[in-house]
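Got chain A; can you put chain X on it based on the hints?
Same order as they appear, the protein sequences are chains A and X. No gaps in the numbering here: position 264 of the first sequence is 1184 in my numbering, and each next residue is one more. No gaps in the numbering here: position 53 of the second sequence is 69 in my numbering, and each next residue is one more.
Derived by calculation from the structure, the hints in this document are not laboratory data. A couple of the hints might just be wrong.
[Claimed, not checked] Think about it this way: if two alpha-carbon atoms lie no more than 20 Å apart in a straight line, the pair counts; the simulated PhoX-like pairs of lysine-lysine are:
no., chain 1, residue 1, chain 2, residue 2
1, X, Lys162, A, Lys1006
2, A, Lys967, A, Lys938
3, A, Lys1005, X, Lys162
4, A, Lys1503, X, Lys162
5, A, Lys1529, X, Lys113
6, A, Lys1492, A, Lys1329
7, X, Lys118, A, Lys1529
8, X, Lys113, A, Lys955
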Amino acid sequence: MIKTEEITGTEKITNIKKPKILIGMATCGLGAGAKTVLSAIEQELEKQKLDAEIIRTGCIGMCAYEVLVDVIFPGRTRVTYGNVKKTMVPQIIGDHVAKGEAVRKFALSQMPVREARDIPYDGLPFFEDLEMNKGQQKFILRNCGYIDPDSIEDYIASGGYTALKKVLATMSSKEVIHEISKSGLRGRGGGGFPTGEKWASCAKYSADEKFVVCNADEGDPGAFMDRSLMEGDPHSVLEGMIIAGYAIQGTSGYIYVRAEYPLAVKRLKHTIEQARKHGFLGKNILSSGYSLDIFVKEGAGAFVCGESTALQNSIEGKRGMPRTRPPQSVEAGLWDKPTLLNNVETFANVPFVINKGAEWYAKIGTEKSKGTKIFSLTGKIKNAGLVEVPMGVSIRQIVFDVGGGIPKKKKFKAVQIGGPSGGCLPESLLDLPIDYESLVGAGAMMGSGSFVVVDEVTCMVEMARFFMSFCASESCGKCPPCRIGTTLMLDILTRITQGKGEEKDLEVLEQMCDEIRTMSLCGLGQSAPNPVKSTLRYFRDEYIAHISDKICPTASCAALHRYEVIPEKCTKCQACIRNCPVKAISGSAKEVAFIHKEKCIKCNVCYEKCNFMAIK
Amino acid sequence: MNEKLMQNQVTDLSDVEKILRKYEGQRGSLIPILQQVQVAYGYLPESAVYYIAERLNMSASEITGVATFYAQFHLIPRGQHILKVCCGTACHVKGAKKITGKLSEILDVPVGATTKDSLFTLEEVACLGACSLAPVMMVDEDIHGKLTSDDVDMVIKQMKESGIPQV
Chain A
921 MIKTEEITGT EKITNIKKPK ILIGMATCGL GAGAKTVLSA IEQELEKQKL DAEIIRTGCI
981 GMCAYEVLVD VIFPGRTRVT YGNVKKTMVP QIIGDHVAKG EAVRKFALSQ MPVREARDIP
1041 YDGLPFFEDL EMNKGQQKFI LRNCGYIDPD SIEDYIASGG YTALKKVLAT MSSKEVIHEI
1101 SKSGLRGRGG GGFPTGEKWA SCAKYSADEK FVVCNADEGD PGAFMDRSLM EGDPHSVLEG
1161 MIIAGYAIQG TSGYIYVRAE YPLAVKRLKH TIEQARKHGF LGKNILSSGY SLDIFVKEGA
1221 GAFVCGESTA LQNSIEGKRG MPRTRPPQSV EAGLWDKPTL LNNVETFANV PFVINKGAEW
1281 YAKIGTEKSK GTKIFSLTGK IKNAGLVEVP MGVSIRQIVF DVGGGIPKKK KFKAVQIGGP
1341 SGGCLPESLL DLPIDYESLV GAGAMMGSGS FVVVDEVTCM VEMARFFMSF CASESCGKCP
1401 PCRIGTTLML DILTRITQGK GEEKDLEVLE QMCDEIRTMS LCGLGQSAPN PVKSTLRYFR
1461 DEYIAHISDK ICPTASCAAL HRYEVIPEKC TKCQACIRNC PVKAISGSAK EVAFIHKEKC
1521 IKCNVCYEKC NFMAIK
Chain X
17 MNEKLMQNQV TDLSDVEKIL RKYEGQRGSL IPILQQVQVA YGYLPESAVY YIAERLNMSA
77 SEITGVATFY AQFHLIPRGQ HILKVCCGTA CHVKGAKKIT GKLSEILDVP VGATTKDSLF
137 TLEEVACLGA CSLAPVMMVD EDIHGKLTSD DVDMVIKQMK ESGIPQV
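With the rest of the complex left out, here is chain A (with noise of 0.2 Å):
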């Protein structure tokens, strides 16, 4: 019976009579203005008297190009804009949504519809072929940026749902948890805990009312591969929390997302009503006997209510404190009742596993890692955005293949792993291979995922710095080894910025990291010193370079500023010249340039904005 559905299913979406306009509507799109482009094509599709089906997708990964458009002509392949403006818009319109051609000047890929029935267009690359989806395996992200998020009949047609009425149908709660345990799933809010594990201590304990919860308090920043899957598939979420629920014999579930997300919070609202018209969600959910409602709850802005227990408290009402374990959540976590929660990135896993089964999922990564992560990459790269490879590719894949490198002819310096609690690795790791066991040997930690690239113009002082003033400002203040601990390294951090910084204060930092992290009651303390560790280790001589020398080798901390020109190395384009905003460099194009010291105000500018390295 599924399997006749998921064929009707499959050719709503790839049965194309009229011409079909995709637009990439996350967050990401919206603040690349692809509002601004959604009313052009609106405008003029009725002003050229043409009839397209205009769909909102989420995002498809591919954030630095945004805004996104997508034309699928029927018969054709589907042909991807990036970049687009909306003076862009009539000449899509007119030729590719009108007479079918692609307009080669603007276009960035194609890909097929149907499998290799579409006509493709001569000498436009393939979607896959491009150099940042090589070596990626889109599978949690498979609908992102294909389906229209608010529509459930498109979740449903591209095979949602399925694995629920699998797990309903056929599988008892037991036989869930067993098969979840065999793919070898870990969480991935950063822990990186057996998930089966999990749901299985979970479910051993019985009361009269039990929890599912999804943490989509996505905090790092950095981050925002949950945001994406909330914002381009939300109801994958949504069915891995059901199965979740089934599998523990939840009673009723919340997700708890950030504030800062409201198009997310918007979207699940949404998802939810849907799901519940559908009789995915609610009482005897398809007449299996099984009941589970869920609700959303909105954060307020705290990081800390990341972590499970603050989340719990937040959850009901309270301040966002965590609080000491054991008991841990499972046995007694909202309102003392069993609770089992995991991350959204976890969830949206769940449908995966049970549709292809835990042995065929097992087989991809590494050995204890399994399956594939989204990464959120950005900084200093060319192709930021969001990638899903599988587990245990190198640094170097995921920053040169997949991200294309650093740009401005710059050179990569580190990557800074998983937020706050993770760490910033350095160029000799760029062939560790990814997975929770190697990122904790290095010092740095999965943490959600984010990877921020970083280039030789970023002060590693400066950077352990900012992470360190983000965890004191976000310490709940309830446990004192975090509270004044993470201010005091905060102040000898800034004081070394500052170029006050004194001999002893390596030893002091070192020790005062070991200090935090073993004696904090949560994982925001615990991880904290985290950068600092990881900088100390792997960029010492830049901190004894701010401390002996008095001298910030790249120049970023403006207090130890002394800038001049390097005259072999001025090519004399006066670009400092130019982007000097108290003109303060003269020179031309036959002179080297020349910065009067009198006149600096050491903002920075003429250093970042010289391609040649020619300013220290």
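This is chain X only, laid out in the frame that chain A set:
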């Protein structure tokens, strides 16, 4: 709403009552109640806090404790438009400081403050999750990405003229 915003003392608490009724009997509803009261008044007026305390049978200090814990709640009136500059890692690396500096200069207010004409409030936020467009700021509900100092100038100018910023 604007009129209410200008007043420091809010006497009309009928909106608060309406919100409280909606959540009657629901556990853990303090935060959503505060969120909705803030939507209605633009901030959490002192009188509303006392009123909620009485109705929920809690102490006002307990409610203030919750309200001050979360970054989202404001106990003093804010401007008509809220500018939130993202200072996440990606934005930091790509020069968010300059954006904040520029805004602070144009509006002539420090971060966290409201302009004298009550038009703008300038705030910093940990991460908006649009890191690929860094540096980013949020103007009311709209995200503006890949910002330069000139863009900031333009957004403020347009908002002063028309009230609706164009991306």
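- Taking only the CA atoms, is the gap from Lys113 of chain X to Lys955 of chain A under or equal to 20 Å? violated, 27 Å
- Query: Between Lys1529 of chain A and Lys113 of chain X, does the CA-CA distance stay at or below 20 Å?
  - Reply: holds, 17 Å
- Are the Cα atoms of Lys1503 of chain A and Lys162 of chain X separated by 20 Å or less? Status violated; Cα separation ~25 Å.
- If you draw a straight line from the CA of Lys118 of chain X to the CA of Lys1529 of chain A, is it 20 Å or shorter? holds, 18 Å
- Holds or violated: are the alpha carbons of Lys162 of chain X and Lys1006 of chain A at most 20 Å from each other? Measuring from Cα to Cα gives roughly 17 Å; hence the hint holds.
- Between Lys1492 of chain A and Lys1329 of chain A, does the CA-CA distance stay at or below 20 Å? The hint holds at about 17 Å.
- Are the Cα atoms of Lys967 of chain A and Lys938 of chain A separated by 20 Å or less? It holds: about 18 Å lies between the C-alpha atoms, which stays within 20 Å.
- Task: Would you check the hint for Lys1005 of chain A and Lys162 of chain X, treating anything up to 20 Å between C-alpha atoms as holding?
- Result: Holds, because 14 Å separates the two Cα atoms, which is no more than 20 Å.
The structure fails to meet hints 4 and 8 from the earlier list, while all remaining hints are met.
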